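Enquirer: Next come the chains, spelled out residue by residue.
Number of protein chains: 2
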Amino acid sequence: MVATDDKFSTQGQSPPFDLCKYLAERQALVEAALEHFLPVTYPEKIYEAMRYSLLAGGKRLRPILCLATCELASGTMEMAMPTACALEMIHTMSLIHDDLPAMDNDDYRRGKLTNHKVYGEDIAILAGDGLLAYAFEIVAQTENVPAERLVQVIARLGRAVSAAGLVGGQVVDLECEGKSDVTIETLNFIHTHKTGALLEACVVCGAIIAGISVTDLQRLSRYAENIGLAFQIVDDVLDITATQEELGKTAGKDLQAQKATYPSLWGLEESKSKAQQLVAAAKAELEPFGESARPLLAIAEFITTRTH
Amino acid sequence: MVATDDKFSTQGQSPPFDLCKYLAERQALVEAALEHFLPVTYPEKIYEAMRYSLLAGGKRLRPILCLATCELASGTMEMAMPTACALEMIHTMSLIHDDLPAMDNDDYRRGKLTNHKVYGEDIAILAGDGLLAYAFEIVAQTENVPAERLVQVIARLGRAVSAAGLVGGQVVDLECEGKSDVTIETLNFIHTHKTGALLEACVVCGAIIAGISVTDLQRLSRYAENIGLAFQIVDDVLDITATQEELGKTAGKDLQAQKATYPSLWGLEESKSKAQQLVAAAKAELEPFGESARPLLAIAEFITTRTH
Numbered sequence: 001m002v003a004t005d006d007k008f009s010t011q012g013q014s015p016p017f018d019l020c021k022y023l024a025e026r027q028a029l030v031e032a033a034l035e036h037f038l039p040v041t042y043p044e045k046i047y048e049a050m051r052y053s054l055l056a057g058g059k060r061l062r063p064i065l066c067l068a069t070c071e072l073a074s075g076t077m078e079m080a081m082p083t084a085c086a087l088e089m090i091h092t093m094s095l096i097h098d099d100l101p102a103m104d105n106d107d108y109r110r111g112k113l114t115n116h117k118v119y120g121e122d123i124a125i126l127a128g129d130g131l132l133a134y135a136f137e138i139v140a141q142t143e144n145v146p147a148e149r150l151v152q153v154i155a156r157l158g159r160a161v162s163a164a165g166l167v168g169g170q171v172v173d174l175e176c177e178g179k180s181d182v183t184i185e186t187l188n189f190i191h192t193h194k195t196g197a198l199l200e201a202c203v204v205c206g207a208i209i210a211g212i213s214v215t216d217l218q219r220l221s222r223y224a225e226n227i228g229l230a231f232q233i234v235d236d237v238l239d240i241t242a243t244q245e246e247l248g249k250t251a252g253k254d255l256q257a258q259k260a261t262y263p264s265l266w267g268l269e270e271s272k273s274k275a276q277q278l279v280a281a282a283k284a285e286l287e288p289f290g291e292s293a294r295p296l297l298a299i300a301e302f303i304t305t306r307t308h
Numbered sequence: 001m002v003a004t005d006d007k008f009s010t011q012g013q014s015p016p017f018d019l020c021k022y023l024a025e026r027q028a029l030v031e032a033a034l035e036h037f038l039p040v041t042y043p044e045k046i047y048e049a050m051r052y053s054l055l056a057g058g059k060r061l062r063p064i065l066c067l068a069t070c071e072l073a074s075g076t077m078e079m080a081m082p083t084a085c086a087l088e089m090i091h092t093m094s095l096i097h098d099d100l101p102a103m104d105n106d107d108y109r110r111g112k113l114t115n116h117k118v119y120g121e122d123i124a125i126l127a128g129d130g131l132l133a134y135a136f137e138i139v140a141q142t143e144n145v146p147a148e149r150l151v152q153v154i155a156r157l158g159r160a161v162s163a164a165g166l167v168g169g170q171v172v173d174l175e176c177e178g179k180s181d182v183t184i185e186t187l188n189f190i191h192t193h194k195t196g197a198l199l200e201a202c203v204v205c206g207a208i209i210a211g212i213s214v215t216d217l218q219r220l221s222r223y224a225e226n227i228g229l230a231f232q233i234v235d236d237v238l239d240i241t242a243t244q245e246e247l248g249k250t251a252g253k254d255l256q257a258q259k260a261t262y263p264s265l266w267g268l269e270e271s272k273s274k275a276q277q278l279v280a281a282a283k284a285e286l287e288p289f290g291e292s293a294r295p296l297l298a299i300a301e302f303i304t305t306r307t308h
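If you read the sequences in order, they're chains B and U.
Counted from 1, the first sequence has number 24 at position 24 by the working numbering; the numbering is strictly sequential.
Counted from 1, the second sequence has number 92 at position 92 by the working numbering; the numbering is strictly sequential.
Errors might be hidden in some of the hints.
Straight-line Cα separation of at most 30 Å, DSSO-like style, residue types lysine-lysine; simulated pairs [to be verified]: (1) B/Lys21 - B/Lys117; (2) U/Lys272 - U/Lys283; (3) B/Lys117 - U/Lys259; (4) U/Lys272 - B/Lys117.
These aren't lab readings, by the way, just hints derived from the structure by calculation.
The model shown is predicted, which means the values in this text are computed figures rather than measured ones.
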């Protein structure tokens, strides 16, 4: 409904929503905040290693989702910015550790050498640990947000990363590597945990910071679940259809590693269709929020139209 | 003053303090709480790996310190127990990651094979990540403690683990390996960060949970700094003087790795004497707390008298 070139969706009440401009503006704010939170100090090597991966670009979709739901629920970007940065730090930690030789053994990430290829495995492990711990510190030190909300946010973040979230998803993913008989239930478990849990945390944490009602929080949680799974399906599709240059990482990696993916279970067309259905379901959850949900609507649509 | 066999220290006002009994009782409570917080669920492998290292014994000195300062400041053990367990989870995470081949490459810990020797490097890395994230979740979900105190605790825990704490200390430690010209300042930096920061967090977090005054918190912080450094010096001394059986890990490891230690800079006798001085300074900080500080006094003394 509210794609960047759609002038008819809002019945003339407001100008069309420019997602590109919206994302670019918020991306710049997030970059500045990340830079602010992580200056270089002694021992420089570890700060440089953390900054190398944290400031390596990327769409900053996770922090932007967090800022967006805080604003949707009548909060300010300032209130959500520490949590938004924490989410990006946590995401970066998971990438650094996933890329290690003992895990996915990846040499490139976002078009650059992976952290351990530059700094060594020991520093890469510690850089991940440092980012994870620091993420919780900066959320806990957020100003002008009631502490009752911050502890809720921290509990959700912790759970999203723990064995009940990202770590659990990664473990099952590793167990399934090279297996030809992975079921759709297992694949769903992997993705709702490995990537979905953190995406959901992005969406709900921004709203919790703004003091949203429980009912509205549940709607946003379902929105997040749907876009999270859609995001992963599209990721799998792009791994097959996109080139290495577009992707900024080794393309066709999943195929090489014989990883179970949605296209390998459903085929490419069915996968694309499922992603569309999930995005439609996500958008339906946003209806009660009216105009204030326009960024989230547009982000949902962006997931299925992105090419890298 | 308040050693386990000293009947004269309290001028007849109360029975002598039995540290062994005190530690054993609290250790049992901590074991039960750790077990409660980490049941096995799907995916079992990661929970088993986390439990393998978390429930591998150990003195539980960190959680016991946290419980002790909470009680000293008129709080209950129940209020501090989630944070006490979180501290042990964080400590265990640091051990699992430190033992990895890319770091200290240790095969044994507490007399058992290290985590990666049993579960593989990938699972060991993830087990550490999972324990770290879960630690913050359980602190944030503590009941019957004001959220304002919990966010203070979380900020301190995060800082204690981050590049400004444990991770920073470990990085400098790795940089110094095999170097013959490590200064006492660098060695102090390593230990006040690698082990001292988390020990200080144990002591101050328990007191924050109980709502202690800023002045008293500073006293406890200085107590912790002093016992933290004393603890490390004694650790270095024991690495030379204790046998592998007593230590539960490879003895003489520091010497083999050509690590700078206090005995290598000061010699054994001077190191022991410095540890005694630090313990005396720690005990002096406890004077205003009177009888309520007896466990902390006894723990300080225990550090210099322990043999493993």
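Enquirer: Hints first: check each against the structure and report whether it holds.
Expert: Taking the hints in turn, this is what the structure says about them:
Proximity of B/Lys21 to B/Lys117 is assessed by CA-CA distance (about 35 Å); at most 30 Å being required, the pair is judged violated. Restraint check: the Cα-Cα separation between U/Lys272 and U/Lys283 comes to about 17 Å, which is no more than 30 Å; the hinted pair holds. Of the supplied pair hints, the one linking B/Lys117 and U/Lys259 holds, its CA atoms being roughly 26 Å apart against a limit of 30 Å. Between U/Lys272 and B/Lys117 the CA atoms are separated by roughly 42 Å; this puts the pair beyond 30 Å, and the hint is violated.
When each numbered hint is compared with the structure, violations occur for hints 1, 4.
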